[in-house]
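Participant: For the protein sequence lines, the chains are A and B, in the order given. Under our numbering, the first residue of the first sequence carries the number 1, and numbering increases by one thereafter. Under our numbering, the first residue of the second sequence carries the number 1, and numbering increases by one thereafter.
Take the hints with a grain of salt, since some may be wrong.
Simulated crosslink set (DSS-like; lysine-lysine; CA at most 30 angstroms straight-line) [unchecked claim]: (1) A/Lys149 - B/Lys47; (2) B/Lys109 - B/Lys130; (3) A/Lys153 - B/Lys55; (4) B/Lys47 - A/Lys151; (5) A/Lys153 - B/Lys73; (6) A/Lys145 - B/Lys73; (7) A/Lys100 - A/Lys37; (8) B/Lys55 - A/Lys145; (9) A/Lys90 - B/Lys97; (10) A/Lys151 - B/Lys55; (11) A/Lys72 - B/Lys97; (12) B/Lys97 - A/Lys145; (13) B/Lys55 - A/Lys72; (14) B/Lys97 - A/Lys153; (15) A/Lys90 - B/Lys109; (16) A/Lys90 - B/Lys147; (17) B/Lys47 - A/Lys153; (18) B/Lys147 - B/Lys97; (19) A/Lys72 - B/Lys109; (20) A/Lys151 - B/Lys109; (21) A/Lys90 - A/Lys100.
With the C-beta cut set under 8 angstroms, the calculated list includes, among others, these residues of chain B facing chain A [claimed, not checked]: (22) Cys13; (23) Asp16; (24) Ile21; (25) Gln26; (26) Ile28; (27) Thr34; (28) Pro57; (29) Arg95; (30) Gln126; (31) Arg143; (32) Ala144.
Source of the hints: derived by calculation from the structure; they are not laboratory data. Note that the Cβ used here is the ideal one computed from N, Cα and C, for glycine as well.
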Amino acid sequence: MRLGARDETGFQRIVLNMTPMIDVCFQLLIFFMLTLKVFATEGDFDIKMPLAAMSEATPKEVENPPIVVRMKADSRGRLTEILLTERPLKSFQELREEIKALCAGRDATTLEVELDCDYVLRYEYVMEAITHVSGYVDQSGNIVKLIEKIKFKPARGGPEE
Amino acid sequence: MKIFRHHVASARCDPDMTPMIDVTFQLIIFFMLTINFVTEDQSERIKLPESELAKPPEAPWESPIILQLTAAKPPTVIVGGDEVGLSLIRGILQREKQRLQELGRSAAKATIIIRADRDAQTGTLQKLIKECQDLGFERFVLRAREKYIAVSQRT
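From just these sequences and the hints, can you work out the full model?
Facilitator: Dropping the structure here:
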């Protein structure tokens, strides 16, 4: 702090020495800039994979059998066909519309989707199916949930088969 | 003349530092808020699939174990900084289970977070889940990258 000269009104001006503060600020700025790593936000999907899936179905499951979404793939893992309970669908969007219709007027928490995929199918298609089955983003940007209970059937056509 | 020269020599230039300090503080605050120290669990090799419904969990997962499945051939799993083949994952999970038991927690309550590459095979992912299930792990979450969808594409 430096006590400066009196100004024209006769008051003494106090001039702060800003140099150390600016030094520290720049050090901090450089530290944060160098340690910054930009990652996209990540989110999680809860999937139900209980050990009981291998044993007999519970009475509740018998009452409400899972909705089977079958996804077929070519040898390179690309999706070739989507079937909803044996009925072919054109796109994931259509799958979402069908699931919406199934959920209408029912308690969606009692419904369950079972994914039946080919072994070589790329995981991105599975994630797409999970996304379209579990909900959608409405016009105002809110997430509307559909069926959240999702499980897998053992993959078809694996190397051990 | 002499007085004039003296006057010129002693003139001080005091630039106004306020705007610069303001901007610097704004930048520091921006970097402080965006910094992410937890990066060792996010391998850059894994290209996560995208989903518009992927939102960060509201509460942290209980006893999380992060398994990162690569799309390499043969497939490998990155766990705790080590990259191992699918056949060796059982040993690592066994150790994790023992560690949880020592801490008085059960494997059934632990959460397995799967960060699988979007090109990984679904069958491999299911094999990985099966290995976990065989050891008593029951809770699984699949991680995806958040995707922004434009208002016109919303349903």
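Participant: All hints, please: hold or fail.
Facilitator: Against the structure, the hints come out as follows:
Distance check on the hinted pair: lysine 149 of chain A and lysine 47 of chain B sit about 25 angstroms apart at the alpha-carbon level, within 30 angstroms; holds. Proximity of lysine 109 of chain B to lysine 130 of chain B is assessed by CA-CA distance (about 16 angstroms); at most 30 angstroms being required, the pair is judged to hold. For the suggested pair lysine 153 of chain A and lysine 55 of chain B, the alpha carbons sit about 26 angstroms apart, so the restraint of at most 30 angstroms is met. A hinted pair counts as satisfied when its Cα atoms are at most 30 angstroms apart, and lysine 47 of chain B with lysine 151 of chain A qualifies at roughly 23 angstroms.
As the CA atoms of lysine 153 of chain A and lysine 73 of chain B are separated by approximately 23 angstroms, the hinted pair is consistent with the 30 angstroms bound. A C-alpha spacing of about 36 angstroms is found between lysine 145 of chain A and lysine 73 of chain B, which places the hinted pair above 30 angstroms, so the restraint is violated. Our distance criterion of 30 angstroms between C-alpha atoms is broken by lysine 100 of chain A and lysine 37 of chain A, whose separation comes to about 39 angstroms. Note on lysine 55 of chain B and lysine 145 of chain A: the hinted pairing holds, with a Cα-Cα distance of about 13 angstroms set against a maximum of 30 angstroms.
Straight-line distance between C-alpha atoms of lysine 90 of chain A and lysine 97 of chain B comes to about 44 angstroms, which puts the hinted pair past the 30 angstroms bound. Between lysine 151 of chain A and lysine 55 of chain B the CA atoms are separated by roughly 20 angstroms; this keeps the pair inside 30 angstroms, and the hint holds. Taking the CA atoms of lysine 72 of chain A and lysine 97 of chain B, the gap is about 35 angstroms. The hint is violated against a cut of 30 angstroms. Restraint check: the Cα-Cα separation between lysine 97 of chain B and lysine 145 of chain A comes to about 33 angstroms, which exceeds 30 angstroms; the hinted pair is violated.
At most 30 angstroms may separate the alpha-carbon atoms for a hinted pair to count; lysine 55 of chain B and lysine 72 of chain A meet this at roughly 28 angstroms. Our distance criterion of 30 angstroms between C-alpha atoms is met by lysine 97 of chain B and lysine 153 of chain A, whose separation comes to about 25 angstroms. Restraint check for lysine 90 of chain A and lysine 109 of chain B: the C-alpha separation of about 39 angstroms exceeds 30 angstroms, so the hint is violated. As the CA atoms of lysine 90 of chain A and lysine 147 of chain B are separated by approximately 23 angstroms, the hinted pair is consistent with the 30 angstroms bound.
In summary, the hint linking lysine 47 of chain B to lysine 153 of chain A is supported, as the alpha carbons are separated by about 25 angstroms, within the 30 angstroms threshold. Distance hint between lysine 147 of chain B and lysine 97 of chain B is unfulfilled; the C-alpha atoms sit about 34 angstroms from each other, more than 30 angstroms. Between lysine 72 of chain A and lysine 109 of chain B the alpha-carbon distance is near 33 angstroms, which puts this suggested pair outside the 30 angstroms criterion. Taking the CA atoms of lysine 151 of chain A and lysine 109 of chain B, the gap is about 18 angstroms. The hint holds against a cut of 30 angstroms.
Simply put, lysine 90 of chain A and lysine 100 of chain A have alpha-carbon atoms about 16 angstroms apart, close enough for the 30 angstroms limit, and the pair holds. At about 13 angstroms, the closest approach between the beta carbon of cysteine 13 of chain B and any beta carbon in chain A exceeds 8 angstroms, and the interface hint on this residue is violated. Against a cut-off of 8 angstroms between C-beta atoms, the interface hint on aspartate 16 of chain B is violated, since the closest Cβ of chain A lies about 11 angstroms away. Interface restraint check: isoleucine 21 of chain B against chain A, minimum CB-CB distance 7 angstroms, threshold 8 angstroms, status holds.
Hint on glutamine 26 of chain B is violated. Least Cβ distance to chain A is approximately 10 angstroms, over the 8 angstroms limit. At a threshold of 8 angstroms, the smallest CB-CB gap from isoleucine 28 of chain B to chain A is about 5 angstroms, leaving the interface hint in force. With its C-beta approaching chain A no nearer than about 6 angstroms, threonine 34 of chain B sits inside the 8 angstroms limit, and its interface hint holds. Below 8 angstroms, beta-carbon pairs count as interface contacts, and proline 57 of chain B has one with chain A at about 5 angstroms; its hint therefore holds.
Evaluation of the arginine 95 of chain B hint against chain A yields a violated restraint, the C-beta minimum of about 21 angstroms exceeding 8 angstroms. For glutamine 126 of chain B, the shortest C-beta to C-beta distance to chain A is roughly 5 angstroms, which falls under 8 angstroms, so the interface hint holds. Hint status for arginine 143 of chain B relative to chain A: holds, with the closest Cβ pair at about 5 angstroms, below 8 angstroms. For alanine 144 of chain B, the shortest C-beta to C-beta distance to chain A is roughly 5 angstroms, which falls under 8 angstroms, so the interface hint holds.
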